[in-house]
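For the record, the sequence lines run as chains A and B. Residue 198 is where the first sequence starts when you use my numbering, and the numbers rise one by one after that. Residue 198 is where the second sequence starts when you use my numbering, and the numbers rise one by one after that.
Think of the hints as simulated: they come from the structure by calculation, not from any bench. No experiment lies behind these values; they were computed from the predicted model shown. Some hints could be false.
[As the list claims (entries may be wrong)] Below, in silico cross-link-like pairs of lysine-lysine (DSSO-like), each with a Cα-Cα straight-line distance of 27 Å or less: (1) K223/B x K256/B; (2) K521/B x K255/A; (3) K255/A x K383/B; (4) K256/A x K521/B; (5) K255/B x K203/A; (6) K239/A x K223/A; (7) K461/B x K203/A; (8) K383/B x K521/B; (9) K203/B x K256/B; (10) K461/A x K256/B; (11) K456/A x K456/B; (12) K456/A x K256/B; (13) K255/A x K255/B; (14) K461/A x K461/B; (15) K239/A x K255/B; (16) K461/B x K256/A; (17) K256/A x K255/B.
[Claimed, not checked] Now the stretches of chain A that chain B is said to cover, found in silico as 3 or more residues with beta-carbon under 8 Å: (18) 235-249; (19) 265-273; (20) 285-294; (21) 472-479.
[Stated by the list, open to error] Listing some non-contacts, in silico: residues in chain A with all C-beta distances to chain B over 10 Å: (22) A209; (23) M218; (24) S257; (25) Q277; (26) R314; (27) E329; (28) E358; (29) M419.
Every residue gets a Cβ at the ideal spot worked out from N, C-alpha and C, and that includes glycine.
Residues per chain, in single letters:
There are 2 protein chains.
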Amino acid sequence: MTVTLKDIAIRAGVTSATVSMVINNKPNISETTRKKVLKIAKELNYYPNVIARGLATKKSNSIGVIVPNLASSFVVRVLQGIKSTNRDIEYTVQLFDTIGQKERESQLFQRLARERRIDGVILISSTVTEEELNVFAEESVPSIIVARRCEHLDSVYVNNEQGAFDATEYLITKGHRNIACITTRKQGIPTEERYNGYLRALRSHQIEARSDILFDVNDDGMEDGIEIFDRLKNIVPRPTAVFVPAGDMVAIGIVKEAKREGIKVPDDLAIVGYDDIPAAEVIEPALTTVRQPKLEMGDYAINMIVDKIEGRESGIKHKELPTKFIIREST
Amino acid sequence: MTVTLKDIAIRAGVTSATVSMVINNKPNISETTRKKVLKIAKELNYYPNVIARGLATKKSNSIGVIVPNLASSFVVRVLQGIKSTNRDIEYTVQLFDTIGQKERESQLFQRLARERRIDGVILISSTVTEEELNVFAEESVPSIIVARRCEHLDSVYVNNEQGAFDATEYLITKGHRNIACITTRKQGIPTEERYNGYLRALRSHQIEARSDILFDVNDDGMEDGIEIFDRLKNIVPRPTAVFVPAGDMVAIGIVKEAKREGIKVPDDLAIVGYDDIPAAEVIEPALTTVRQPKLEMGDYAINMIVDKIEGRESGIKHKELPTKFIIREST
DNA sequence: TTGGCAAATTTAACCCCTTAAATAAAATAA
DNA sequence: TTATTTTATTTAAGGGGTTAAATTTGCCAA
Chain A
198 MTVTLKDIAI RAGVTSATVS MVINNKPNIS ETTRKKVLKI AKELNYYPNV IARGLATKKS
258 NSIGVIVPNL ASSFVVRVLQ GIKSTNRDIE YTVQLFDTIG QKERESQLFQ RLARERRIDG
318 VILISSTVTE EELNVFAEES VPSIIVARRC EHLDSVYVNN EQGAFDATEY LITKGHRNIA
378 CITTRKQGIP TEERYNGYLR ALRSHQIEAR SDILFDVNDD GMEDGIEIFD RLKNIVPRPT
438 AVFVPAGDMV AIGIVKEAKR EGIKVPDDLA IVGYDDIPAA EVIEPALTTV RQPKLEMGDY
498 AINMIVDKIE GRESGIKHKE LPTKFIIRES T
Chain B
198 MTVTLKDIAI RAGVTSATVS MVINNKPNIS ETTRKKVLKI AKELNYYPNV IARGLATKKS
258 NSIGVIVPNL ASSFVVRVLQ GIKSTNRDIE YTVQLFDTIG QKERESQLFQ RLARERRIDG
318 VILISSTVTE EELNVFAEES VPSIIVARRC EHLDSVYVNN EQGAFDATEY LITKGHRNIA
378 CITTRKQGIP TEERYNGYLR ALRSHQIEAR SDILFDVNDD GMEDGIEIFD RLKNIVPRPT
438 AVFVPAGDMV AIGIVKEAKR EGIKVPDDLA IVGYDDIPAA EVIEPALTTV RQPKLEMGDY
498 AINMIVDKIE GRESGIKHKE LPTKFIIRES T
């Protein structure tokens, strides 16, 4: 038997409205009834039905988090950031992923907003189109995009262009002039901005970008790296460094294959990855890489959206976070 | 303006009850009104309010997933398994983590069940106590525990004892007699069953377990492995193999430090990890390890709970899954 | 004692949808 | 044609809360 306001009301000899007001700490309740009601509520082990409350208040106290793919470690880390802050916040997180779904992010979002009466939505995706994001902006539910800047929507993101610039520039200052770049076509990895940062660094040092040492792989696994190295090694003039925006695993594949072929890393070939996954420290030599503040992004996102929901903020806010360049042994 | 059943009803010249019945595909509706209502619903872009529906039906169509710690890759993989199946299932996943929370799993569960009127709960934890789990069994909400067997509750789990047995026995058949074992005290890693499997394997080959080569580390990082190796190397007779239920990262630490000290892996020291994390393939030599079918566990869990919710199953079910022994180069 | 005001409580409508029971309309049987 | 079923629709009562407005109670000043 679930106990309701009414049950308490009857036992306390008051109306359920009164009980409701006590439970919600509304003013103008005599100390006597307040105590009595609270006591009975405790005795009966009362829990408010948040569904019913949600219906009445038109608030669900929950935030929807839409992710493209829970398999991505990036997404998971951001989610962690969201959750760890969320701890002190009275919002429930409803998790939705769109991978393999016929619905696109924007459709899912609409459904969430309308059906579930969710209070706010966090979308973690670096690859939604502007057009899709318009739907978010139009719906009246507060929403925020993580991992990508969007003009007409709150956003939290990392300056990947600068991160790539830093990495490339570092290689240049180390004397490298022929720096290969490995991007990926894999869905969900925002490789383009990084490529732009790479280009900018080259340009700023008057180095011409060589199109023959730019590769675009299909996935982001070790095998991709292995394959790339095998293509790379025969190119003349052979690059002395590789920057791998496609991700650390690809970079690790390159390191592995280079070593197998007797190429010394970093002496013969310097390598910089992207992401700073745990394995980056495991490979020998340990991988120099670019780290994104994922937890922080999640943290900002949840705080921004809660501020929005609770009306403490209005207007579009953007938070740009810097990447961190982690120098290890592969450069 | 959100559109409700009533809006449709008015436009269609019927009652909202009728509209409701159309929306829910109830019988005894004339084809004429059905079409008319559906048409208007579409025109008005109607979405049912699931909150209100939930109140009326006492069903929320959502499943709560309680995890101790979203930082655990084990948990995340299981979650992935849950979500990927969930795709075809009309349940929403509400995610709750208990780390750092004053509430224990069972309290959180109670709250979920009562406040949120959740239809079912999946708890992912290998370390809740029996006592806590009793609370789950008592509440009338279907619930299931993943990663641990529990007699009076549905459960999906892996036979870690057997996994450890297999690993240890493999080392024994390779000729090893002095096999060290590294467990961990880290919260959330069920190291004890694994240790038992190790012991059983030794026993079944009449090998006496040496307490001087059994170590219990505090965490599960690479540093722990490095530290352990340094203690291990001076022990006589020096073990020729190490089984590391504490996890792959610890094993990797051992591999790294062994190499640094000029000890050849696997010739001088064979190493078996636990978990098969991505880095296991990165370390050189690649790590032999024990893999748990995490996605499958999630998959079973969500299917079992949905069957329970929808009344297709009753009675307590257990699903035990086998581990998989992955042989690589470190043995 | 009466009037006036603030404080405490209740009334009643509403949130949006579902569903059993009642009623109306249409179809069939007698 | 009337009685009986069957089919379609409506009525009305929830589900469990919230909240503006109305009412009652208590207190104090006049």
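Verification of the hints:
1. K223/B x K256/B: 18 Å, holds
2. K521/B x K255/A: 49 Å, violated
3. K255/A x K383/B: Since the Cα atoms of K255/A and K383/B sit roughly 43 Å apart, the hinted pair is violated (cutoff 27 Å).
4. K256/A x K521/B: Violated, at about 47 Å.
5. K255/B x K203/A: Holds, at roughly 17 Å.
6. K239/A x K223/A: The hint holds at about 18 Å.
7. K461/B x K203/A: 74 Å, violated
8. K383/B x K521/B: The hint holds at about 23 Å.
9. K203/B x K256/B: 22 Å, holds
10. K461/A x K256/B: 62 Å, violated
11. K456/A x K456/B: 16 Å, holds
12. K456/A x K256/B: Distance ~59 Å between K456/A and K256/B Cα, so the pair is violated.
13. K255/A x K255/B: It holds: about 18 Å lies between the C-alpha atoms, which stays within 27 Å.
14. K461/A x K461/B: Holds - the C-alpha atoms of K461/B and K461/A are around 21 Å apart, at most 27 Å.
15. K239/A x K255/B: 23 Å, holds
16. K461/B x K256/A: Distance of about 62 Å is beyond 27 Å: violated.
17. K256/A x K255/B: It holds: about 18 Å lies between the C-alpha atoms, which stays within 27 Å.
18. 235-249: holds (count 6)
19. 265-273: holds (count 3)
20. 285-294: holds (count 6)
21. 472-479: holds (count 5)
22. A209: The claim holds: A209/A sits with its nearest Cβ about 20 Å from chain B, beyond 10 Å.
23. M218: Nearest chain B Cβ is 19 Å from M218/A, so the label holds.
24. S257: About 6 Å separates S257/A from the closest Cβ of chain B, which leaves it inside 10 Å; violated.
25. Q277: 5 Å, violated
26. R314: Non-interface label fails for R314/A: nearest chain B Cβ at 5 Å, not farther than 10 Å.
27. E329: Check passes; 18 Å lies beyond 10 Å.
28. E358: 27 Å, holds
29. M419: 7 Å, violated
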